[in-house]
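Residue numbers (the numbering used here): 1 to 838.
No wet-lab data here; the hints were simulated from the structure.
Quick caveat: nothing in here was measured; it's all calculated off a predicted structure.
Any given hint could be a false lead.
The following label-pair restraints were derived from C-beta to C-beta distances [unchecked claim]:
| hint | residue 1 | residue 2 | range |
| --- | --- | --- | --- |
| 1 | P139 | A67 | 50 to 60 Å |
| 2 | P139 | P241 | 47 to 57 Å |
| 3 | P666 | T727 | 30 to 40 Å |
| 4 | S480 | D605 | 49 to 59 Å |
| 5 | V671 | S162 | 20 to 30 Å |
| 6 | E283 | D624 | 21 to 31 Å |
| 7 | Q336 | T373 | 24 to 34 Å |
| 8 | T127 | S162 | 42 to 52 Å |
| 9 | T338 | S162 | 46 to 56 Å |
| 10 | G203 | D624 | 50 to 60 Å |
For every residue, glycine included, the Cβ atom is placed at its ideal position computed from N, Cα and C.
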Amino acid sequence: MLRVRRLVAPLALSILFAACGGDGGATDPDPDPTGTLALSISPSSSSIEAGSSGSAVVTVTRGGGFAGSVSFTVEGLPNGVAAALSSATLAAGVSSAEIDLLVGAAVAAGTYTITVRASGSGVDAATATFTLTVTPAPPADFDVEVSQTTFTIEQGDSASASVLVERIGGFDGDVGLFVTGAPTNVRARVNPNTTADTIAELGIAVGIMVEPGTYPLVLTASENGPRERTVDLTLIVTPKPSAGTLTLSSSSVAVTKTIPSDPIVVRLDRAQGVTGQAEFSIESFPIGFSGAFTPNPTSGDSTVLVLELSTLAPTGTNSLVVRVTVGETTSTTTLQVTSSTFVPPDFGLSIAPDVASVAAGTGTSVQVNIARTNFTDSVALAVLGLPAGVTATLTPPATDGAAVALDIVTTVGVAPGVYPLTVEGTADGITGTRSATLSLTVNAPTGGGNIQWQFCDPARYPLWFGVRTGTSGAWTRVASEASADGIAFTFALDQAGQVAMVLDGASGVDITVFNTTPQEVLGLAARECADNRPTKTISGRIVNGINGLRGASIVAGGAGTIIPAGGSDFTLTGVKEGTTDIIAYLGVPENGEFRQFDRIIMRRDIDPADGAVMADFDFAMDDDQEWLFPQSANFTFRNLGGDMFTVTRSYLTANGNVGPIAFYQPRSDSVVGLYGVPEGFRRPGDLHQLVATTVNATAPRTVTGYNTNFNSSPVEFGPLLDAPTVTVANSSPVRIRAEGTWSASYGSAVGVSFLQATADSRSLSMTASRDFFGASGTWELESPDFAGAPGFDSNWLLRPGVATTHAVTATGVGQGVSITPADGTQIITGSRVGTITP
């Protein structure tokens with residue numbers, strides 16, 4: 001049988017014939033031969049893939065007294081095919097040679113006839129033919145195998161196996177190899193974890209604390225593309241032989257940091273036949289914990305344990321594993337340690353709501369909240385930054401309680417605008433002041449007063465800004481004017497109407513229309529500069545912590561970036577101007593996300609200049625370390641409805657949204673372990689933000705939750721949004737209408753967006769609250785008619801004949817209904833996505 005193989009290495013043969021035509025230089029036979037010469041090829045035909053090679057055996061038969069040497073030539077080779085003979089000349093007495101056919105990757109599929117000619121002195125030349133069928137090469141691909149798929153490993157032991165990467169069709173790319181599904185304290189790694197070779201080694205190490213049992217693992221091989229191969233593995237963990245029963249004089253102990261604990265007697269009731277020295281140890285030690293056994297080791301059956309906690313130890317309850325080892329036997333028991341530390345007295349201020357709007361000549365009331373930490377004394381309060389004509393009264397101005405009332409009164413002559421008012425608090429025994437800010441918008445006196453919408457980010461300066469009463473009146477174009485922080489648009493709106501703006505987006509024109517009441521537009525205008533500010537770029541580096549496994553997540557001023565495992569430097573773009581906070585997380589990235597965070601550094605109230613280089617973020621373990629351990633909790637997600645979902649974690653402070661701390665890839669498990677900011681870095685008023693979104697192309701749902709102490713509150717998605725009706729209201733100019741019915745779950749607000757994602761894109765979005773529609777049980781949003789609007793360019797509108805993606809999103813509020821997010825707030829949204837061609 002012809003042996004076929006891929007062309008992966010050069011052949012060490014004595015002679016190579018390439019396709020060149022002719023007879024290969026054969027000589028004429030002797031005119032009067034006395035001997036004979038015959039030639040055969042075995043096999044006489046075969047199929048070879050393009051890019052591969054095969055071999056056959058050429059055999060000569062001498063006769064008539066001829067016993068001399070024989071020379072070979074090969075004729076009729078097609079272009080791209082070469083023949084290599086193990087011997088170009090057979091010496092006397094040798095009757096066979098091997099011929100290798102090398103088929104190039106570019107040789108066309110087909111059937112070819114090849115002739116081998118044998119010549120000897122004094123005999124007629126002999127020939128034999130070989131039929132070569134060239135078949136197409138298979139596509140480049142790969143497969144993976146493991147030398148064993150079931151691993152039986154004793155606690156504290158390890159095992160290894162070979163991982164074989166089969167390369168097919170000339171595939172020569174890098175293949176990444178990793179194992180998922182390993183339980184806690186089981187380390188499963190492939191070395192190397194990325195290979196251009198065909199073999200790697202899988203190592204599985206089982207910690208001594210792993211529970212005996214059977215665990216499914218999956219080895220995944222992937223390339224930088226769509227191909228991925230998996231192998232199911234089974235890990236069977238068996239227990240070490242028991243040393244006996246281990247007991248403690250107390251199963252739980254309270255320890256104050258820096259003060260040794262009370263002695264704990266540890267006693268071993270040895271199993272039958274267990275003799276020898278008993279050595280005691282503690283596992284699962286958090287940072288800052290230490291302990292000593294006296295005596296240790298011991299030939300007896302008991303010892304005394306004393307714990308000590310440094311100031312670096314985390315506060316709260318931790319489970320320690322106490323272990324005894326006697327020869328090849330071992331036993332464990334659990335000790336609960338509750339640590340405490342002195343927390344200095346402090347307080348913080350917040351204002352609810354922190355945005356207020358009044359017409360000149362009227363007033364409003366808000367509440368100033370005082371969050372206390374180990375502090376019960378009186379706090380004195382004052383209001384700073386009051387403009388002329390605005391007065392503020394605190395009732396009472398000093399209190400040992402949790403809240404006071406703040407009444408604001410304005411005169412008719414106060415100039416319309418947005419005024420930041422600061423409430424400042426002081427107290428005996430507390431260094432410095434604590435403050436909170438109220439954004440007060442003063443409008444023109446009732447009866448058609450002015451509203452000022454200010455833009456601070458040049459990237460958001462509108463190309464056009466207009467307003468109209470109702471949804472069918474004439475548009476009034478509003479001209480911009482310079483303001484202290486950018487530009488502003490001043491207009492009157494004393495009843496429900498529409499405010500529209502046209503922005504020059506990154507890939508085209510974006511039109512936004514707010515269907516709004518006069519009260520709502522004041523809030524929108526007040527939030528513009530708070531949410532959208534110019535941005536800057538900062539840089540820095542991580543030291544002492546990142547390695548081949550660990551990377552880092554850096555967030556500040558609403559922007560974030562990832563440092564992959566093994567990196568160190570970072571550049572953070574899009575950081576909002578002004579005072580912000582910065583968070584650096586050290587953790588282990590896996591499959592494009594951070595599933596595990598080890599340490600966190602948080603720096604407060606920074607305002608670096610554009611291009612500034614931050615001081616190093618040092619995660620070294622030393623006495624003056626800057627980092628703390630992150631807090632973790634398991635969150636339960638409900639009402640998934642069979643959808644997978646993603647999770648994004650952020651952190652909000654008085655300086656705004658710090659940024660996206662972590663993103664978790666789509667998952668279906670309803671319980672997810674998440675990491676948050678520990679108590680040692682938190683301030684009163686800070687909030688963890690969780691945004692979970694279902695993976696559903698046509699009906700996604702989102703829930704946004706806010707949490708102060710990072711407890712594991714259930715997170716519940718709303719139901720699927722009822723499908724709205726989307727139709728073309730007018731084709732030239734294009735106007736599209738969306739309409740639907742308010743639901744019990746999504747009854748707060750509705751929005752619709754239309755996107756034509758072309759090279760020069762067009763988009764139009766509209767929003768409206770339930771208040772805008774009054775008592776109606778239905779809602780309707782239709783693209784406005786801008787015909788006749790002064791200065792409006794019709795080229796900004798949606799284009800006819802272009803496929804348009806429409807997304808309708810309705811909002812409802814779950815627990816803790818609040819204008820300003822607070823601890824426990826959950827806001828749900830449901831969307832419907834489709835396409836229409838106007």
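Q: Could you check the hint for me, namely that P139 and P241 are 47 to 57 Å apart, CB to CB?
A: holds, 53 Å
Q) In this structure, is the beta-carbon distance linking V671 and S162 contained in 20 to 30 Å? A) Violated: the Cβ-Cβ distance is about 36 Å, outside 20 to 30 Å.
Q. Does the Cβ-Cβ separation between E283 and D624 fall within 21 to 31 Å?
A. Roughly 27 Å apart at Cβ, these two residues keep to the hinted range, so it holds.
Q. Between S480 and D605, does the beta-carbon spacing fit 49 to 59 Å?
A. violated, 33 Å
(Q) Within 50 to 60 Å: is that where the Cβ-Cβ distance between P139 and A67 falls? (A) holds, 52 Å
**Q.** Outcome for the supplied range 46 to 56 Å, where the beta carbon pair is T338 and S162
**A.** About 48 Å separates the Cβ atoms of T338 and S162, which means 46 to 56 Å holds.
Q.
Against the range 24 to 34 Å, how does the distance between the Cβ atoms of Q336 and T373 compare: consistent or not?
A. holds, 25 Å
Q) Is the hinted range of 42 to 52 Å satisfied by the C-beta distance from T127 to S162? A) Distance hint for T127, S162 holds at roughly 48 Å.
Q. That 30 to 40 Å hint for P666 and T727 (C-beta), does it hold up?
A. Given a distance of about 33 Å, which is inside 30 to 40 Å, the answer is holds.
Q. Per the hint of 50 to 60 Å, is the separation of the Cβ atoms of G203 and D624 within bounds?
A. Violated, since G203 and D624 (Cβ atoms, about 37 Å apart) do not stay within the stated range.
The structure fails to meet hints 4, 5, 10 from the earlier list, while all remaining hints are met.
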